[in-house]
Amino acid sequence: MSGGAGPDRPFRRLSPLTPLVRGSLVVVVVLGSTWDDLLRGDVGPIGWVLLATVVGGAVFGTVSWLRTKYWIEGDELRVDTGVLARQSRRIRVDRLQGIDIVQPFVARLFGLAELKMDVAGGGAREGSLAFLPLAEAHRLRETLLARRDAVREGEAAVTAPSGTAEREVARLDIATLVLSLLLSPETAGFVAAAVALGVTFGLLGELGGLAGVVPVVLGFAWTEFRRLSAYYRFTVLTVHDAAAPDTPGLPAPTGVQVRRGLFERNTATIALSRVQGVLVTEPWMWRPFGWARLDVAIAGYGREEHHGGPTASTVMPVAPLAAVRELARILLIDAGAPDPLDVVLEPPPARARWVAPLRWRYLGVGLSERLLVARVGLLTRRTHVVPYARVQSLQLLQRPWQRRLGLADLQVDSPQGPVRLRARHRDARQARELLDRTHGLARRARTGADRQRLVRTQQKSPSPSGASSSAASSARESSSR
Amino acid sequence: MEELFAPPGAEWRPVAPALARMRRLVLSTAAGVAALAVVVLELVLPLPWWPWLFVPVVVAVEVAGWVLIGRNARWWGYAECDEDLYVRHGALFRGMVVVPYGRMQYVDVQAGPLEQLFRIASVHLHTASPGTSARIPGLPAVEAARLRDRLTALGESEAAGL
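Protein sequences appear in the order of chains A and B.
Per the working numbering, residue 1304 is the first one in the first sequence, and the count goes up by one each step.
Per the working numbering, residue 10 is the first one in the second sequence, and the count goes up by one each step.
Heads up, a few of these hints could be off.
[Said to hold, decoys possible] Derived, one-sided and incomplete: chain B residues facing chain A with beta-carbon distance under 7 Å: (1) L13; (2) V106; (3) P139.
Worth flagging that the hints you see were computed from the coordinates, not collected in a lab.
Note that beta-carbon positions come from the ideal geometry of N, C-alpha and C, so glycine has one too.
Full structure from sequences and hints, please.
Spelled out as structure tokens, the structure:
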């Protein structure tokens, strides 16, 4: 309910171009369905319906724009919307996990952007503001994040959005992208199907039957094009807090920003403190080139998973292994930036071949000082990496046939996402040892992380000497809560 | 292999015997209905002789299920350690899960109509991971409430964030 959203509140509106951008889609759809009638000059009932739709849409869009207001009040972002049914949404700033800026194609033509807010709990993208001028979207994002950090640190005073610096660390060149897309199981399947069809019709002498290949070609081209446009101009940047004037160079990164897209420009920022694990994928077709793909697991981010399709979790769709390792080290900076592929992996006992005759040679698990690493995969080699401080829970699992052989699995539970670490077919006793060791390391890392966070908040709080003790104690409370 | 699944410095607390009783009742009811259906159809309709074979099959399933339910109920257990909850589950597919109290997001207590009849409830711990399968079925209702309150309190005092 919008209790007192009177005109005295300093609310803001979306861009006045919003109805136009939204409406353009409607117009395109309507035109697309009736263009042949219009071309024939047949402005019959359909023409009237079309006109009514456009006019109605324009009125509705304008009213909707007039009724949509947003403002920041206290620790909440409030959004009032609705033409007939009024809706008032309050988004608590301290619950914000991340804010993405998305530019759909039409909006991009007008220099507009949509702000998507990722709210803790449930993981669904709950808040969205569409559309804002791009510069304002960036400004609002900075303001909200700065306010969130201030609220989380228990400070009453809201500082101005702190400046951030960005540095480009990786860029995907178009040749690598195209080649990597062509070197996929889908391509292999497509080529096989095309050859089979061609040979069949060639032998039958009915080349007219080749027309049947057309939908296959189109489907394949569409899939590849979708990926190409999603990953086009894929750029990875590190985000740093603005350097203090007396220190040279940039401080350690606090986030990683991924920008991508041909028609729809997508900007997603990953807070490094939220990284739950990483996944390095090496499909067999890429191995001659030494390429790999890097995904990241983030709490509340793993919903948009299509099999093999473009996903939000991807930090680098394809890159030389060295570059992927470098990016992985940046993502794991909270765990001390170790290289996950340096961890020595131990294979399962040879008797594991009775339960996994082909795969057992490719299984491996390793514990380093900071990371738990497990590798699986015969054709596509996947290396799952979880820092101890991010272990949610641990499971020891034993199927009946594993019990016969004295084998067991160790599973590390991570938030929903690409990372699913499971050390398969270990010697049962060793699996239990691994569990106890990981558990101890995770406990230590957890308390260590808490202490680190406490130190950081204490250093950050710029309160005068009189209030510093109370600020420090409140920070301690909030970090141990 | 018992020591493979042993909580450090604690004993497994078993679940209520009512869990096995409830499951056996459900199994026996289903088996009884199936057997009865075969017999009635066979007597009423002009069917060949071989559907009679279903009756021993149903009996075999009933016996195997009876045994498995018993083993499963004996294998279920939980242990509240200093910083973690250990839960052991399964009989054929064995498993043990370790959940640090600080990782708990929330605790569910569920009791369906049948479970209410047997005065038991199941406690389900949720972490930020959907893979965490920390569920304890068949706790006496009082014990379930106690465990929930204790877990919630411990979860708050030890929360480690994400």
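Report task. Against the structure, test the hints numbered earlier, and report the numbers of the ones violated in rising order. Result -> Hints that this structure does not satisfy do not exist here, as all of them hold.
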